[in-house]
Every structure is written in structure tokens, then in C-alpha cells.
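Enquirer: Could you use the hints to bring the two separately framed chains together as a complex?
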Amino acid sequence: MEESKPVTTISGIPLKTVYTAADVANLNYTKDLGNPGHEPYTRGPYPDMYRARLWRIFQLSGFGLPEDERERIKLLLHHGETGFIMEPDLMTLYGMYDIDSREVRERSEELGMYGAPLLSLREYERALEGIPIENLYAQPGAATPVCSPYCHACYFALAENRGISLRNLRGTGEGDFFLSYLATPMTKLIPPEDGLRLNCDLIEFCVQNAPGWIPVSVPGTNARETGLNGIQQISVTFANNIAYIEEILRRGRLGIDDFAYGLGGVGFCPHMDFFEDIAIMRAARRMWCKLLRERYGAKDPRSTRLRIHVNVQGSTSTRQQPLNNIVRGTVGMLAAALGGVQSAGVTAFDEAICIPSEQAHIMSVRTQQILQLESGIANVADPLGGSYFVEDLTDKVEKGAWDYLQEIKDRGGFIAALESGWLHREAFREAMSYERKVVSGEIKVVGVNFARMEEETYQVPVFSARPGEEVYRVTKERLEQVKRERDPREAAAALDNLRRVLAGEENVMPAMIRAVKAEITACEIGNLQREVFGTWEAPLPL
Amino acid sequence: MERKIRVLTVRPSLDGHWRGLAVVSAALRDAGMEVIYGGTALNADEITNAALQEDVDVIGLSMYGRFGIAYKVAKLLPEMLGNRPLLLVGGTVPPTEVASLKAAGVDEVFSAGSSLDSIVKYIFDKCADRAKNE
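Chains as they are written, first to last, in my numbering: chain A, 752 to 1293; chain B, 762 to 895.
Excised from the complex, chain B in its bound form (with noise of 0.2 Å):
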């Protein structure tokens, strides 16, 4: 039986909205991924330790405010042992961001009101690249 994907979420703000969390993981749950909430307030060494111990494919931020978390995962993530899990980051995002994010190593932003589907399509189609090239 194919393996679950597996996508660890994280609230890494102190600023506690949930809702957009809320729907991205129903949506990811539907399709058939496991989800696993890591939990609120973590730090960037907490994070990659949930996601080592957790053995997930994908980690999801959700982040309202700054990034300086962001970019300390994406920092850390290289160092991990196993595979590097997808680092993604939504919430409130600014435009001016989303490229400097992605130039840290964050694969992928999905800022307030990105479609649930396009969510759900982008770590279908990366993790079965992955796949492919093991």
C-alpha cells in the first residue's frame, strides 16, 4: 500500500490565527494526506526536530508577521539527516516576501487566498518527483 504523505504543520508565530490552518489541513486531510499539528509558538530547532521525529515528507508554516523563523528552518533543513522534507510557508505573506523567501530555500509560499487545490496539487506532483528520482 502507497505510503501517506505525511505534512507536519506549525503555528511558529505568537500571533495565534488558526483559520486559514484550519482549512489548508482539512483540505490536505480530504486528499488523503496525514497531517500531524506540531503545535504553536516553536522555535526553528523545534520545528526540524518535530519533522525528524515525525519523518514527514512536508513541513507547512503558517506564519502571520515576520519570517525570521522561515528562514531558520529553511537554514537548518540541509543539515538534517534522511531526506529534506518540502518547507512551504502561508499566511499573510507580503509580495516583496515570497521571493525572498524562496531564495532562502523555502520551496514554496502560499499567501492568503491561494486556492486549496493548487495547495494540494503542489505537493502531490513534488513528492511524486521525489519519488521518482529515488
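Isolated chain A (complex conformation) (with noise of 0.2 Å):
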């Protein structure tokens, strides 16, 4: 009798077909589960889980001028999102590219495609006017670690000039490697070690002036649509907050319990394999307490509790069938919710053929409403928690994720992986694989490659923000009017500051604050970091 292949979870678990109390006969309540709100966290990181607080709706958007992006953020914030996240333009923000540079002028029809270009605290001021962010939860548009310390910087000064504390800030950066770094890597971007450095000045600075706002969010997301499978999803993103821990140690101004908690909110993606997402939270969490319990001898549980925002759905959106993509978003969701997020997006059902309608959008927040609202999920903590499955499958993803965080450690951590190319060799090799699965039709994409449709029955609208060129006249115009505005002799000396803080080794935070005050540029603020820091170039194997 032939044997037939092993079936395994999408990261590779072999899977049984079955299970019973045999599997789980190790299981150590008090040490491997505990109750939520307890260490080791496994059942979640609060005690009442969503009877206490929902998950926060947290979508991303924007595009266009700010002006377009505040009004689409007010749109969901109107239809029920609770917080907002700006994001920046891809052509300028995200490696702080000079808007009169060759690169983008020669593109500059693409301005303002998948975010603002928020380039001076006006343009800050501009997209935040009628938001009142003293009593929401913010995202400022931080996505990359080479934009996010001035994204924070305007965040910041803008709320002061409107007469907030930053101690009543509440919100997050990103400053995301693995977006900028590893998934999407541009031209000149200034090297990852920089990178961590900025953000570490970010952490830091964080900790003593916004002891609310948590500074970085590792999100594994962008690592896991770069091809590395849900496991290794954990480790890299592991991996990258033991680089801040390393360098804020070792800078000697701060115990591990001061900043931690500034390092615990992480984000995952999940990607259809319904069972396996919901160990993938589960198994984090655990390992999170671990790590910085026993490694690092954290005591605080704001510390060793790990929160999770999840991306949904992305690279699993199929350009065929978009109403589809409904669906599975709704499955990622509820993948998330038993595995206990603390936020999520769920990415609109037409992100493979354009950024999102008002109608794609808003379908994101009612996915997540009617889960949290009608399906009952919210009721109870932890609801698979005891399964024979979830439990021997949450126990391999933990010890999965272990081995491959040592694996990145014999290549000398997160920075050396990255900077030597083999985090992308590796991403590769299991996106190849992936792709090999579909082809074979071993992977089953529904409208893909099983229940194909030569026409579609449903053309999606296809959503077009305001045209590039336009953005580019507009911020142009603008940006020329705030160097005619602005006192010179400050700008020329908050420049000069900046460039000396850079160029050294105190922390950039407040010198970058001045800066955006003075009404410097993203532009030159970008332009005087790639000439401290020098460019780098991602290793690809293309």
C-alpha cells in the first residue's frame, strides 16, 4: 500500500490526525499554561482578556495629501476603529528620500500612492487638524526605523504645541526591519546598525519624557510575507528585540525592567492555517517570558507580558475572486482572537489590485465588529486552551521557534543575519518552496489553483487616490513655503545640531524635536543621515 504523504501545518509541523489526553500527559498547568494574566502568559497577557477590553480595531491607511489621509482616518474612526495609524509615503518617508532627488522625481507620478507625504510638522499638523489625539491611540505613521525617529519627533512636537503632555501620549512607533530591511528593501537607505541605533535613542527617550507610548513594534508580519514561515515568524521577530535589549544594556543608563515593557507589543500575521496561527500567539507568549525572565532577569510583568497586533491577510489576498478575500480575513481574525491579540488589521479584500475603497475598508472594521460583537468568542479567555491539539501544537511552535532563534544567533544575531544577506537567502528559499507547493497543487489557493474562474462575477471598484503628480506640485509648493517662512538662523543652527547629535552619541530624540520645530524637512533631516551614516545596499539573491 503506498504511503501517503505526512500533512503538516503551512511552517511544517506534522500533524496527526487526531489527539488525546497522551499527547498533552505533560502538560504542567502552573508551569507551561497558567492562567491568563499570569506567567507564562500562554492563555494571555490580562486577566479577563476581552470581557475587560476588545481588541483594538487598528487599521492601516492612508494616501494621497495629509489632507486625504485625515479624512479617510476619520472615516474609520467614524465607523468604529479605535485607534488610527498614519502611514507615510512609500516614495519618501519610508527611507527619508529627498523629495527633489533624481529617484523621485523620475517617479514622481507615484507620490502619495500607499501614504501622505507627511514631510514637515505642517504637513503634521495638516493630517492630525480635528483629530483629537490626546484621547486616541495612534500609530504616526513611524513604519520604518529610518523614518520613525522624525515621524515620532513631529508626533511629539505637535502635541506639545497643542498643549499635550507627551506623559499623556498614548500610541506606538513601529520602526519596522523587516519592511525596510528584509521585505522591501530601497536604494540608499542608511544601515541597519544605524537604524538601531536611531531607535534605541527612541526607546530611551521614550522611557523618561512618554512613559505611556510604546516606541517599537517588532512586527514579524513583513518577515512572514517575505517568505519565512509562521515559526521562524516568531524567531526573527525575537531576534530583533534582543538587538535593542543588547545595545540599551550595554549603553549602561538602563535596567531591563525600565524599558521592556517598550519592546513587548509585537506583530504577527496570520496566514490560513487556522490552528497553527492561534499556537503561533500562544507559543510567543510563553517564550516571551521565558526570554526575558530567564535570559535577562526581568521581574516586572510588564516586562515578561507579551502583546500581540496582528496584520491579516496580505500576501494570502488573491488578486482572483477579491470577494474571497473576505472570507479569509475573517478566518485570520478569528485565528487571532482565540490566540488572544490585543489589536488587529484585517487588510481590505481588494489589497491585491488596489489600495483600499471606503468599502473594502470599512468591510476590515465590520469583520472585526461582528466577531467581537455576535459570535461570542469575546465571552470567555483563552477558549482553546486545554485542547489536546492547540496544546501539543502550541508546544511545538515554542520549541520551533527556539531552534531557529538559535539559528540566527550562530550568525551573529539579528543585525549580522540581516546585514549578510542570509535572512533574505532564507526567506527565499521558503517562499521558493511555497511556490513550488502551489504549483503542485499541494497547497489548494482557492481561485488560484483549484476553482479557477476564466471571468470574474464581481469586478472590485478599483480605488484611486489623488494623482501623483498633484501630490508632488502640492507637497513641492508647500515645502518651498515653509523654507521662505521659517527663521533661518534657527533652521540653519537646529540643522547644525542635528548633524553634531547624529555624528555622536547623544541621544537624537531631542535634537530631531528642535529640528521639526524649526521647521526643517524630512527631506534634510533624510539627506543629513544618509551623509553621517553612509548608504547600504540589500544583499539580495536575485
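These are calculated hints, taken from the structure and not from any lab test. Wrong hints could be hidden among the right ones.
Using 30 Å as the maximum straight-line C-alpha spacing, the simulated BS3-like pairs for lysine-lysine come out as follows [to be verified]: (1) LYS882(B) to LYS1195(A); (2) LYS765(B) to LYS1188(A); (3) LYS863(B) to LYS833(B); (4) LYS1050(A) to LYS1188(A); (5) LYS1227(A) to LYS1268(A); (6) LYS887(B) to LYS1188(A).
The structure presented is a predicted model; accordingly, all values stated were derived computationally and were not measured.
Expert: Pasting the structure below:
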């Protein structure tokens, strides 16, 4: 009789057809699970979970001019999202490119396609006009390590100008190394180790001045989207956090419990393997607790308790039969909720075709609201706790994640593994493996290699933001006006000061805040960062 | 010995997505083609110069965003001396853009989700046709 191929989870864990008490015979409730809100936090970071507070509906949004981004944020807030994310313009802010640079000029039609060019404090004021940031949780455009200090400086300066104490601000930065350096590395970025320095400065600054603010959030999401599997996603996320921890400890000013809370919010990306995605959340919490407690001696629950944001869908969205993506978004969001996440953004169903239309964006909010309010899943914490299958899978995911974390350590740690191209090659290898399985039909994707339809029954209205040339022209005019109207002496002094600080070891944030208040533009700051740090090209397997 | 088909691949967009191009490049290499990666953020002049220098049969542009550079390359190609390479575009290409690109002289568009086999077959078939017509 032919031996059938073993069935595995999407990340390669072999699966039996049924699990029994024998599979969890060694499970120790106190050591391995604990109640929600208790070490090792496997069952959730908080005791009552969603009964006390539902997860935050937190959607990525942004395009066009700052005022367009503002209107979409207001729309989503109106329809029920409970925090807002300002997506920064890819062409300029992601890499802090100068709008006058050859690279951007030659592609002026693309300005504002995926986020607004918030290139000065005035543009931030435009984007946030009428939005009560003192009452809202926000991600202020700080998507990449390269732009995060500048974006934070603008948001903090704006808050101060509105009379809001930084101590009262709530929100998070990202500083996503995977986005910048792994998934979509642009040309002429500042080197990863300088990105690390800037973001460690941000962490130290926030600990002192904005203790309610979470300065970074490592989203393993983009590592997964580049090809790494769900288990490796945990490992690279924690490897990034370890790089932050070790640099800040090396600096000698803070103890682990002073700053680790600022690293304890991460991002993951469900990828349609329902139970594995649940196990990933639970395993990650247990692993983080052990890592902080045992390797770094953390004692404060705020240090050892991991909080998770998810981006549901992305590379698993299909161009074909786009309404199917609503179902995929629901499956992923359900897994995330059963896994006990703290906030979520569901990618809009038209993602593979265009940036979200209003309708698709609202659908993402509704998906979450229906699960929160109609399904009953929010009534009980960690409802799958004790399931023979889920507990066994959680153990296996955790073991795999520790093993891969060791492999990254063997390659010199996160920054070394990134700069050498090793992570890119790993991601590529996994991406090829996935691709082969889709081509062979081993992995079925409805609408793509199963149930294909020659004619789409539903035409997605293709949403288009304001034309790039218009965004380019208006943005340039506004920047020129800023330069004309600002105090030239303070601008020159602030720029010199920033150059001095970047080239030295002082914390960059006060100088960055002074610079944005003096109306130095993101273009000028980006040029300065490149001048001081030099540039880096990712070693890609192409 | 038969000359290998030479393919110049380029990422003209500032958006640095590379997974799609890496997967396609591997498929082309597996099929016996020679794939030369021309680089990132190149403009139309740089792309056509590279294509000339490398004496390629195919130019493959992996693009995420808008396609101005693809249109410019399509315009420049007929002015090239020697044989005009095939011009292919891949990446996230909205359906509305496909017809427009082809009308401008792009030979074929393989948007995200296209089968790797179809790309390989297309290149082999077109290159064989050209060889016959020479």
C-alpha cells in the first residue's frame, strides 16, 4: 500500500488525524500555561481578556495628500476603529528620500500612492487637524527605522504645541526592520546598525519622557510576507527585540525592567493555517516570558507579558475572485482572536488590486466588529486552552521557534544575519518552497489553483488616490513655502545641532524635535542621515 | 551549442519588493535561461543601456506602483540598434493598466499570481519565433 505523504501545518509541523490526552500527558498547568494574566502568559496577557477590553480595531490607512489621509482616518474612526495608523508615503518617508532627488523626481506620479508625504511639521498639523490625539491611540507614520525618529519628533512636537503633555500620549511606533531591510529594501537606506542606534535612542527618550508610549513594535508580519514561515516569524521578531535589549543594556543607563515594556508589543501575520496561527500567539507569549525572565532577569510583569497586534491577510489575498478575501480575513481574524491578540488590522479585500476603497476598508472594520459582538468568542479567555491538539501544537511551535532563534544567534544575531543577506536567502528559500507547493497543487488556493474562473463575477471598483503629479506639485510648493517662512537662523542652528548629534553618541530625539520645530523638512533630515551614516544596499538573491 | 536566452531583470520602482522577481528569476534559470539582474531604481535610459550592453533577448521589469518607466522603456526600445528585446512587465499590475501597457509596446504583462510555467513558455515560444524569422 502506498504510503501517503505526511500532512503538516503550513510551517511544517507534522499532524496526526486526532489528538488525545496522551499528547498532553506532560503538560503542567502552572509551569506551561498559567491562568490568563499570569506567567508564563500562554493563555493571554490579561486576566479577563476581552470581557475587560476588546482588542483594538487598528487599520492601516493613508494615501494622497495629508488632508486625504486625514479624511480616511476620520472615516474609519467614525465607523468604529479604536486607534489610527498614519501610513507614510513610500516614495519619500520610508527611506527619508529628498523630494528633489533624482529617484523621486523620475517617479513623481507615485507620490502619495501608499501613504501621505508628511514631510514637515506643518504637514503633520494638516493631517491631524480636528483629530483629538489626546484621546486616541495612534501610530504616527513611524513605519521604518529610518523615518521613525522624525515621525515621532513631529507627533511629539505637535502634541506639545497643542498643550498635551507627552506623558499623556498613548500610541506606538513601529520601526519595522523587516519592512525596510528585508521585505522591500529600497536603495540608499542608512545601514541597519544605524537604524538600530536611532531606535534605541527613541526607546530611551520615551522611557524618560513619554512612559505611556510604546516606541517600537516589531512586526514579524513582513518577515512572514517575504517568505519566512510562521515559526521563523516568531524567532526573527524576538531576535530583533534582543538586538534592542542588548544595545540598551550595553549603554548602561537603564535596567531591563526600565524599558522592556516598550519592546513587549509585537506584530504577527496569520496565514490561513487556523490552528497553527492560534498556537503561534500562545507559544510566542510563553517564549517571551521565559526569554525576559530567564535570560535577562526581568521581574516586572510589564516586561514579561507579550502583547500582540496582527495584520490579517496580505500575501494570502488573491487578485482572483477578490470577495473570497473577505472570508480569508475572517478566518485569520478569528484565529487571532482565539489566540488572544490585543489589536488587529484586517487587510481590505481589494488589497491585491488597489489600495483600499472606502467600502473595502469599512468591511475590514465590520469583520472585526461582527466577531467581537455577534460571535460570543469574546466572552471567555483562551477558550481553546486545554485542547489536546492546540496544546501539543503550541509546544511544537515554541520548540521550533527556540531552535530557529539559536540559528540566528549562530549567524551573529539579528543585525549581522540581516546585513549579510542570510535572512534574505532564508526567506527566499521558504518562498520558493511555498511556490513549488502551490504550483504542484499540494497547497490549494481557491480561485488560483482550485476553482478557477475565467470570468470574474464581481468587478472590484479600482480605487485610485489623488494623481501623484498633483501630490508632488502641491507638496513641493508647501515645502518651498515652509523654507521661505521659517526663521533661517534657527533652522541653520537646528540643522547643525542635528548633524552634530547624529555623528556623536547623544540621544538624537531632542535634536530631532528641535529640528522639526524649526521647520526642517524630512528631506533635509533624510539627506543629513545619509550624509552621516552612509548608505546600504541589501544583498538580494536575484 | 545553442545560445542561452538572456534575460535582463530590473526593479525600476523605488518600492523594493523582490520576492516575486526572485521566484521568477529562479524559474527562468531552472529552465536554462541566463538571468542578469540589472539593479534597483534604474531609470528608462539606464535600463535600455544595460539591455544593449548585456545583449539580452528579454527585459523583465518588476514593478510595484505606477508604470511610467515601463512606458518610457517601451518608447526607447525601437530606437535601439540591433534586435529589440522582448519587453515584459510583472508585479502588481491592475487589470486596467495591462491593455494600456501593451498598446504602448510592452510585449506581455505577467501580474502577481501568474503561473511561472506560462512566463517560461511565453519566452521560449517568442524567442523561437524570432529565431525562425531571422
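Enquirer: Evaluate each hint against the coordinates.
Expert: Going down the list of hints, with the structure as the test:
1. LYS882(B) to LYS1195(A): holds (23 Å)
2. LYS765(B) to LYS1188(A): Satisfied, since the Cα-Cα distance of roughly 28 Å is no more than 30 Å.
3. LYS863(B) to LYS833(B): holds (13 Å)
4. LYS1050(A) to LYS1188(A): Roughly 45 Å separates the two Cα atoms, so the pair is violated.
5. LYS1227(A) to LYS1268(A): holds (19 Å)
6. LYS887(B) to LYS1188(A): holds (28 Å)
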